[in-house]
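Q: The residues making up each chain are set out below.
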Amino acid sequence: MTVIMMSSILSVKISRFLVFCVLAVFSSSCNLTQLNNPYQHGEEGLNILYSSFSERPKHLDPAVAYSSNEYAFIAQIYEPPYQYHYLKRPYQLVPLTAASMPEIRYYDQQGKQLNVADADDQVAYSEYIIEIKSGIRYQPHPAFSRDQEGNFLYHELNEQQLSEIETLADFDVQQSRELTAEDYVYQIKRLAHPKVQSPIAEIMKQHIAGFGEFSKSVATLSRAELKDVDIGGVQTIDRYRYRIRINGKYPQFRFWLAMPFFAPMPWEADVFYQQPGLKEKNITLDWFPVGTGPYLLEENNPNRRMVLTQNPMFHDEFYPSEGEESDQQNGLLDDAGKKLPFIDKVVYMLEKETIPYWNKFLQGYYDASGIASDSFDQAVQFTGEGDAQLTPMMQQKGIQLQTAVTTSIFYMGFNMLDPIIGGDSERARKLRQSIAIAIDYEEYIAIFMNGRGVAAQGVLPPGIYGYVEGGEGINPYVYDWVGGAAKRKNVEVARRLMFEAGYVDGIDPKTEEPLALYFDTTSVSVDDRPRMNWYRKQLAKIGIKLIIRATDYNRFQQKMRNGNGQLFLWGWNADYPDPENFFFLLYGPNGKVKHGGENAVNYQNPKFDRLFEKMRNMDDNEQRYRIIQQMQEILRHDAPWVFGLHPKDFALYHGWYKNIKPNMMANNRLKYTRIDAKQRELKREQWNGAQFWPLLVLAVLLAVLIVPAITAYRRRVRESLQ
Amino acid sequence: MIQYIIRRCLYAVPLLIGVNILTFVLFFVVNSPEDMARMQLGQKHVTDQAIENWKHQHGYDKPLLWNHEESGGKRLTETIFYRKSVGLFLFDFGISDSGRNIGADIKQRMWPSLALALPSLVVGLLVNITVALMMVLFRNTYLEFGSIVLCVVLMSISSLFYIIGGQFLIGKLLKLVPISGYDGGLNAIKFLVLPVLISVVAGIGSGARWYRTLFLEEVEKDYVRTARAKGLSETRVLFSHVLQNAMIPILTGVVVILPLLFMGSLIMESFFSIPGLGSYTIDAINRQDFAIVRAMVFLGSALYILGLLLTDISYTLVDPRVRLS
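If you read the protein sequences in the order shown, they are chains P and H.
Heads up, the first sequence is in my numbering, so the first residue is 463 and it goes up one at a time.
Heads up, the second sequence is in my numbering, so the first residue is 747 and it goes up one at a time.
Isolated chain P, as found in the complex (with noise of 0.2 Å):
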């Protein structure tokens, strides 16, 4: 009896110790902090910027990438010789690695070099003398790496090498070597070369001299043949000088000095990258660049993370102290005169899905943000007069909102070649104003857009020149001045217009019945469908009956390549801040059917072309100007296009964020952010403390459930027995 009360005391007894045991671990447990920190144990604290990607960029070569996720990288890598000023607006050209802006000559046909102000009609070639800073060094890299006689230790390895090596990382002696202008005008060999596949190599056809021909005669040789055979309009001056010569004048190649495109490659990455058994590995220059930037290309697996760290061998280069009025305000100066970069490392982590983004980003696992449509309404509430600002939940956390209206255009193009809706007539013009008129872009960026967007007047995004703020600038087709703003007009208006191109209450005279326009589109999901119920509502209000042809992308640019097209939507991104980006948009010799260029419209006006023409070749001033706002007047009235909208950039950085100015042009931006990593360690750990209180209920539910069940089945067996 004793014994057994002694041991029941002694159950009840170690039952009561486990239960502390566990209550105390649970107690104890929610003290824990970041538990969900999703990256390695002692990188707390460090001056590490984390960041995302959703889609391994394809291409890091700077002759082939072309798309924002790709220059996300190679920007901060490699140097062009110029780049824009981090703060002036408008946008600037300041050298990067060059020592000065380019001095440019100008020829005539027999080869005498013009005066700048002579007449741009007598100019057969422009010359571009580039001069780059000495002392300017490439990353530590294999290809550079030779032995006591100077010979390179990587450009013919052995199989037995070939075996020890899976990365980049594997190869021990990594050199450098200076940058020189040889190594641009290599790089510049290479946009020419047909197996590099440069996606500007046809522009620059047209652009730099002898680049065609060139071109045709490397057609069989390997990259590392280039080096050894010379292109016509491209040469090394000496050690830091080089020269390219272009057909005509062409002022805007300045800004295409500032693309990746242009800039450096050294001839040893190319002979190293060749080599078959690196191919194999997957160790190409399109996965690991070799630049003389800010940052190299640490750790490269674009299934996991890429990360980029400080290149020990960059050069000077110090942070803007200068910039606009208000920069000195926000505090955009007070690292003025500082040497760059400021991050020591970056982590772009893979994040394909926006909901575990945005989660992360709160919990201040990321450091800045953009803004799904599934949680700006978390972010960002709009007040009265319809600024953004954010909610106080953000407020609270010390987040900072930055706006800014990118450099693009989305726009609804008619195609001018079909029979209804295009051409030069009054009746069609008439028609497609009236369209112009009814499609209330106000409303789509409203209900579509969170107001993440501004409804344009022209061709023309605000930021690039020529554009024109207020009343002087609209579009006097579709809006009117009223009270300080721009207002559509009434949709009677629209219906007039209708009325008179003989479309009376949109009813087609030929057909008796309303007049049907076919609207080619690449939103086939059932996500798109109540924007294309919008755009059949914006449509009907003036008699027209929009029928959806959704296709996949592949046969939607098909129709535009064969002008079956009738009504589609498009857009452009600006390559560089200057009209002729998006005025090319609309000439003539640009058409996509007859040229396959990139007027996807075919619109063809002599007066506007002429316009053009003569615009393209102008430097900014006041001439130039008064022809762009002529051209402006000339596409306003003849309505090629309905100038749907610019986007509007919505981005969050935490409060430990600093030097945070949009810029739409300039790419490398990385060197200029600074962050305050004590500070967000700080709120790390005051935002990610672990709950463990839940798992507690959730054990105890469980037992509430099991005892019951035990009881029954021991019963049950009781009475099986029994």
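Check the hints yourself; a few may be wrong.
[To be verified] Facing chain H, from chain P, some residues (calculated, C-beta under 10 Å):
#: 1; residue: Glu517
#: 2; residue: Lys520
#: 3; residue: Lys657
#: 4; residue: Ala663
#: 5; residue: Thr746
#: 6; residue: Asp748
#: 7; residue: Asn763
#: 8; residue: Tyr1015
#: 9; residue: Phe1154
#: 10; residue: Leu1157
#: 11; residue: Val1166
#: 12; residue: Val1169
#: 13; residue: Pro1170
#: 14; residue: Ala1174
#: 15; residue: Arg1178
Hint data in this document are derived by calculation from the structure and do not stem from the laboratory.
Ideal Cβ placement from N, Cα and C applies to all residues, glycine included.
Based on these hints, arrange chain H on the given structure of chain P.
A: Okay, now just chain H, sitting in the frame of chain P:
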């Protein structure tokens, strides 16, 4: 048995050729080489010459299946189909249209897929069998009825809901594990806990019901009645006798999918940013990278055939009456 295996391997060859032709035809019905070139070259400044160059560089400037301009055997060999397919049968997947070595990519990406799929399968199997046995143990009680209802409820919920809900509850509210991500070695565990848990929970509904059906079929058989008559407890009957005899259909379901575990899980990998083969395939489809699509379909087919073969072999191991001939 060796003869049987050799015969099955030989059967696999025409099957794989058929799959390859089908993939090829389906892909090129939807995408022409021009479309692929445009997709790879981007949207800006793409000229006809650039497209021709791309096609030439990547071997897409030949006829698809039959080359009229050649003579003899070259009519077949000088085609895109032959050039792109012949290496597959040697498991040489070649270079993707974006310039990467596919074999190296597969080798690298199959491990994260496996790291997610294998624990999901093993834990899921154990949990499902246990729950199913419990349901059989408590059959004809409120517990069984409640469990069936719960299983139907679990089955009816979209897997996407489990993922988003799991990330929200465990990753965001409770902050117990990272919401998404991946790391190598043992560091991977903290990233795998949540997706494995979600996989298991999401699979309980259908899995437990399926195994319950199997076990119910078995418990009505004579040998079970005999075991009970011998005085064995119900738990002993279930776990020692019923479970063993229900292994054949369980093995059929499990062994066949074992090789396919390498292929990864599309949604899970995408939401949890796990760099496996599931997301590799879907990315390739989106990018119209035919080289990867064809390699992955080929690999999937080969692994499926292997799975079927392994299932047949496993029958002989669990049921001595089965003989392969």
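Q: Once the shortest beta carbon distance from proline 1170 of chain P to chain H is found, is it less than 10 Å?
A: Result: holds, 9 Å to nearest chain H Cβ.
Q: At a threshold of 10 Å, is the proposed contact between arginine 1178 of chain P and chain H supported by beta-carbon distances?
A: holds, 8 Å
Q: Does lysine 520 of chain P pass the interface check with chain H, least Cβ-Cβ distance below 10 Å?
A: Holds: closest Cβ of chain H sits about 5 Å from lysine 520 of chain P, inside 10 Å.
Q: Taking the closest Cβ pair, is asparagine 763 of chain P under 10 Å from chain H?
A: holds, 7 Å
Q: Given alanine 1174 of chain P as an interface hint, is the shortest Cβ-Cβ distance to chain H below 10 Å?
A: holds, 7 Å
Q: So, tyrosine 1015 of chain P near chain H? Judge it on the closest CB pair being under 10 Å.
A: Constraint on tyrosine 1015 of chain P satisfied, holds at 8 Å.
Q: Are lysine 657 of chain P and chain H close enough, Cβ to Cβ, to be under 10 Å, as the hint says?
A: holds, 6 Å
Q: Quick check on threonine 746 of chain P please, does its C-beta sit within 10 Å of some C-beta on chain H?
A: holds, 7 Å
Q: Let me know if the C-beta of phenylalanine 1154 of chain P comes in closer than 10 Å to any C-beta of chain H, holds or violated.
A: Given a least distance of 8 Å, the restraint on phenylalanine 1154 of chain P holds.
Q: Taking the least C-beta to C-beta distance, is valine 1169 of chain P closer than 10 Å to chain H?
A: violated, 12 Å
Q: Is the interface hint for valine 1166 of chain P satisfied, with its Cβ closer than 10 Å to some Cβ of chain H?
A: violated, 13 Å
Q: Is the hint on alanine 663 of chain P kept, meaning its closest Cβ partner in chain H is under 10 Å away?
A: holds, 7 Å
Taken one by one, the earlier hints fail for this structure at numbers 11 and 12, listed in ascending order.
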